[in-house]
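For reference, the chains in residue letters:
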Amino acid sequence: DTAVSQTPKYLVTQMGNDKSIKCEQNLGHDTMYWYKQDSKKFLKIMFSYNNKELIINETVPNRFSPKSPDKAHLNLHINSLELGDSAVYFCASSQLPSTLPGDEQYFGPGTRLTVT
Amino acid sequence: QKEVEQNSGPLSVPEGAIASLNCTYSDRGSQSFFWYRQYSGKSPELIMFIYSNGDKEDGRFTAQLNKASQYVSLLIRDSQPSDSATYLCAVNNNYGQNFVFGPGTRLSVLP
Chain A
130 DTAVSQTPKY
140 LVTQMGNDKS
150 IKCEQNLGHD
160 TMYWYKQDSK
170 KFLKIMFSYN
180 NKELIINETV
190 PNRFSPKSPD
200 KAHLNLHINS
210 LELGDSAVYF
220 CASSQLPSTL
230 PGDEQYFGPG
240 TRLTVT
Chain B
600 QKEVEQNSGP
610 LSVPEGAIAS
620 LNCTYSDRGS
630 QSFFWYRQYS
640 GKSPELIMFI
650 YSNGDKEDGR
660 FTAQLNKASQ
670 YVSLLIRDSQ
680 PSDSATYLCA
690 VNNNYGQNFV
700 FGPGTRLSVL
710 P
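So the sequence lines, in the order shown, correspond to chains A and B.
According to our numbering, the first sequence holds residues 130 to 245 in order.
According to our numbering, the second sequence holds residues 600 to 710 in order.
Just so you know, the hints here were simulated from the structure itself, not pulled from any lab data.
None of the values given here were measured: they were computed from a predicted structure.
Backbone N, C-alpha and C fix where the C-beta goes; we use that ideal spot for every residue, glycine too.
One or more of the hints may lead you astray.
Unchecked claim - Per label pair, the in silico range of CB-to-CB distance:
no., chain 1, residue 1, chain 2, residue 2, range
1, B, K641, A, N146, 21 to 29 angstroms
2, B, S681, A, K196, 35 to 43 angstroms
3, A, M144, B, A667, 43 to 51 angstroms
4, A, E211, B, P710, 36 to 44 angstroms
Generate coordinates for the entire structure from the input sequences, incorporating the hints supplied.
Okay, here's the thing in structure tokens:
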């Protein structure tokens with residue numbers, strides 16, 4: 130019954146490794162997002178996909194690559210992990226693109242990434 | 600560059616009081632405004648959205664928007680200890696820009 134799910138919930142890895150986080154939504158939404166929340170709890174958008182098409186690509190290192198195999202899934206692959214990548218990564222989805230008023234985003238439970 | 604600002608807090612209020620949370624934004628093109636609540640270790644959840652000037656009420660929560668002043672607020676009446684959380688203000692516009700969150704205000708309701 131989980132609306133937006135992410136795996137894994139916790140991820141501990143060493144610098145230089147490559148890792149992926151997966152996200153799935155069963156709400157039938159057209160748009161999905163990745164956010165990063167750092168240690169100061171600041172929530173910042175990274176990417177947004179609408180119907181598998183990238184519509185928002187904020188200034189993030191190109192070590193981060195999102196992939197949307199279908200509109201219910203949005204995965205995040207991170208190459209050459211760095212200490213500064215440690216954060217909680219949230220996936221979210223919405224019915225409409227984020228350009229329309231009244232849109233609501235539903236968040237997944239988050240993935241806590243720790244890079245050592 | 601768009602910015603959404605909030606007082607980081609903590610804002611402490613006694614149980615039963617009115618908690619007032621404020622948010623200002625810099626992009627005059629912003630069209631819709633959201634308040635999310637985030638408990639520690641949990642994901643943000645939507646409380647309210649507003650896109651017209653004035654007040655919008657939902658239960659104990661009232662959102663207030665003043666586009667001329669670029670100001671949006673959230674009032675929580677009859678505050679409960681269970682309202683203790685971080686409240687995130689988020690702003691969106693119609694120009695293909697992204698959803699921008701403020702840094703959040705930590706609210707503590709004291710029993």
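Hints, one by one, checked against the model:
Taking 21 to 29 angstroms as the suggested C-beta distance range, the pair K641 (chain B) and N146 (chain A) conforms, at roughly 27 angstroms. Checked against the given bound of 35 to 43 angstroms, the beta carbons of S681 (chain B) and K196 (chain A), roughly 39 angstroms apart, stay inside it. For the pair M144 (chain A) and A667 (chain B), the beta carbons lie near 49 angstroms from each other, so the given range of 43 to 51 angstroms is met. Between E211 (chain A) and P710 (chain B) the Cβ separation comes to about 43 angstroms, which falls inside the hinted range of 36 to 44 angstroms.
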